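Assemble the complex: chain A is given as a structure, and chains B, C, D, E and F must be docked to it using the hints.
There are 6 protein chains.
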Amino acid sequence: MRLSRILKPRFVVSAHCDLPCGVYDPAQARIEAESIKAIDEKYQANTDPEFRTRALIIKEQRAELVKHHLWVLWTDYFKPAHFEKYPNLHTLFNEATKLAGASGAKGSTDAAKADELLQKIDEIAKIFWETKQA
Amino acid sequence: MRLSRILKPRFVVSAHCDLPCGVYDPAQARIEAESIKAIDEKYQANTDPEFRTRALIIKEQRAELVKHHLWVLWTDYFKPAHFEKYPNLHTLFNEATKLAGASGAKGSTDAAKADELLQKIDEIAKIFWETKQA
Amino acid sequence: MRLSRILKPRFVVSAHCDLPCGVYDPAQARIEAESIKAIDEKYQANTDPEFRTRALIIKEQRAELVKHHLWVLWTDYFKPAHFEKYPNLHTLFNEATKLAGASGAKGSTDAAKADELLQKIDEIAKIFWETKQA
Amino acid sequence: MRLSRILKPRFVVSAHCDLPCGVYDPAQARIEAESIKAIDEKYQANTDPEFRTRALIIKEQRAELVKHHLWVLWTDYFKPAHFEKYPNLHTLFNEATKLAGASGAKGSTDAAKADELLQKIDEIAKIFWETKQA
Amino acid sequence: MRLSRILKPRFVVSAHCDLPCGVYDPAQARIEAESIKAIDEKYQANTDPEFRTRALIIKEQRAELVKHHLWVLWTDYFKPAHFEKYPNLHTLFNEATKLAGASGAKGSTDAAKADELLQKIDEIAKIFWETKQA
Amino acid sequence: MRLSRILKPRFVVSAHCDLPCGVYDPAQARIEAESIKAIDEKYQANTDPEFRTRALIIKEQRAELVKHHLWVLWTDYFKPAHFEKYPNLHTLFNEATKLAGASGAKGSTDAAKADELLQKIDEIAKIFWETKQA
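Chains as they are written, first to last, in this note's numbering: chain A, 18 to 151; chain B, 18 to 151; chain C, 18 to 151; chain D, 18 to 151; chain E, 18 to 151; chain F, 18 to 151.
Check the hints yourself; a few may be wrong.
[Unchecked claim] In the DSS-like style, the derived pairs of lysine-lysine whose C-alpha atoms are separated by at most 30 Å in a straight line are:
1) C:Lys59 <-> D:Lys96
2) A:Lys102 <-> C:Lys143
3) C:Lys143 <-> A:Lys96
4) A:Lys59 <-> F:Lys59
5) D:Lys96 <-> D:Lys149
6) E:Lys59 <-> C:Lys59
7) A:Lys59 <-> B:Lys96
8) F:Lys59 <-> B:Lys143
9) F:Lys102 <-> E:Lys143
[Claimed, not checked] Estimated spans, in silico, between C-beta atoms of each pair:
10) B:Glu81 <-> A:Glu58: 29 to 37 Å
11) D:Asn63 <-> E:Ser120: 53 to 61 Å
12) B:Gln150 <-> A:Gln150: 24 to 32 Å
13) D:Gln136 <-> A:Ser120: 27 to 35 Å
14) C:Pro66 <-> E:Ser120: 17 to 25 Å
15) B:Gly39 <-> A:Glu81: 14 to 22 Å
16) E:Gly39 <-> A:Asn63: 28 to 36 Å
17) D:Asn63 <-> C:Gln78: 31 to 39 Å
18) E:Gln150 <-> F:Asn105: 36 to 44 Å
19) C:Gln136 <-> F:Ala62: 51 to 59 Å
20) F:Glu101 <-> A:Thr64: 42 to 50 Å
21) C:Thr108 <-> E:Lys143: 58 to 66 Å
These are calculated hints, taken from the structure and not from any lab test. Note that this is a predicted model, so its numbers are computed, not measured. Just so you know, even glycine gets a beta-carbon here, dropped at the ideal spot from N, CA and C.
Just chain A, same shape as in the assembly (with noise of 0.2 Å):
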């Protein structure tokens, strides 16, 4: 993937913007989330308690990212068609986004619930790629 990367930079596509300018990727929510796991394997190693405070301000930063993230492509990129052929999408965006706030990555420092909010976000990409590919 790295590799991937290096040699071809040029089709990676992935950022929003409401003009619509078309281009999408789940990978900017899934990138603040990798942060969160980061933030949480961190906070857990340090108990120092201004480290744990500044873990904790920018975890629910990253944390706001990803319910962002994650809610710009639920409404701005699949449109009824998508829905329709994917009935859980509503559900898995709305479990993904409450994983991502107070019931989960922004309510704990656990990396296990961390990694839920990646698993999630990983349904999503995969169903967002299939209908890239269609």
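This is chains B, C, D, E and F only, laid out in the frame that chain A set:
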């Protein structure tokens, strides 16, 4: 690349935070630059004044994000040893961020200018992945 | 309504946060949508190019806030039980947020489009208050 | 009040923008202040350090929004004639925004302090609605 | 002044935060107002529609910052004793922030309007430095 | 300096925008750095956990602003000719922004660390004003 995404989403790690969480990826800047290029193409293809104004509003935001993601890599990821090994790295980042600003992607609606930015980001990405493999 | 405001402002509870604080209200989204409608009306009544550009800049921001406030309700307030009881709730939110985006309030300066958004928000508000009374 | 909301959501107009769109409502500030009070109550009832840190992070944001919404009303809605008719209006706004800051809601986790802020906002709301009816 | 900057940068203290950190300076608002004036001058000298749209987008942001910096001084720095000593201080701030909004710098591209804002900020700055020396 | 402020506020020009408006000043970064130092001093003098958490939240924001203002100077103000004339300028900015981040002001509550940042900003300011006089 898209295939590897589907097969190995687990290896897409890219976000950033200043804890630091240690998660970085030039893809974040590239994603926004791809969006700028797409906006430029839609701008040139659509003369509706409302559409064009919205395109400029959104392009301004995406370009600011390109600058931010590149600045973060330059300050937070790259260390003195990297700058010694890659003497042109400072200049590359300075040129790339300038290409995202008034003299580049912000000040132009020409997709060719966005391509210059994308190529500069790819030069940085090549060095980034070399240092990650080191 | 305005009267009840003066007499019982103590009962106006609506903000949101992701602690969670438990305070939610569809009025936050509606407020921004009303602003969009007012902007559209002023836009149509004023052909000054500077005024129109400012109107589009501000409308873009208000529409983004509508999307944000609706996403927060969809993810943070509504629970699985609600989605079971109101099978069309997911679709209502998806349509409402789409109506605030490029295919709706962001991409149009027609007050009729803002009215469609307001009506969709009212459908959501009706369900919201039913669940609060339950 | 909640009933009137359900029956007449059409009359809930409150957002703001600086076009101006002419849509204002003290409810926006009150909503955030209600959130602060709820956060204070949850903070006092929960001694978990992670929860408490998150509560302080979020309260800081809500309090900033209270200040912003009040500043907007003071500068953008109220006109010289209003300040002449209500000689204490400047002081009311200055005290209310101070009550949302370091010497008030930001610097305290006591719900009683949030109540002081809410009462001050209600004094402003009373004047606001009088001027709207004039 | 520029000389004193070079010779005594150590004495330039001006930022703000709501801890409070006790660091305030009207220069922050003036800086943004100077930017607005420069934007107005460039706007009048350049009829390119893309440039003009970008100028309006950026001016909107700088003007919002002027309002914010002034609101912070009015609420967080100035105390009741100051308002007693300077009876016109409330009005000065209200007029200055209005001059940064729709009826002033935001709604105009005339550098003369930006000058009115700058002069009002200077009146506030004069009082500010008097209180600092008191 | 404070005196010259009162007497010649007309010469305080410092804001930035990416039009470009041509208005820059290292004071913006220094102001935020002074705020960080003041926060560190108050943090060390106050062991109240709520106060300390708020101090860390606010310091994180001020430090981010220091990085932003420095990045803007580095990318938008300084030109290739400047980097040729001042070979250490890239390194100065890289070190200064690192000093505002996790390895510096963000990751520490020691005022001595804030002083290191302030001194680095002063080195940049000295060069900045030399280039303005050139």
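Tell me the hint numbers this structure goes against, listed in increasing order. Per hint list: 8, 9, 11 violated.
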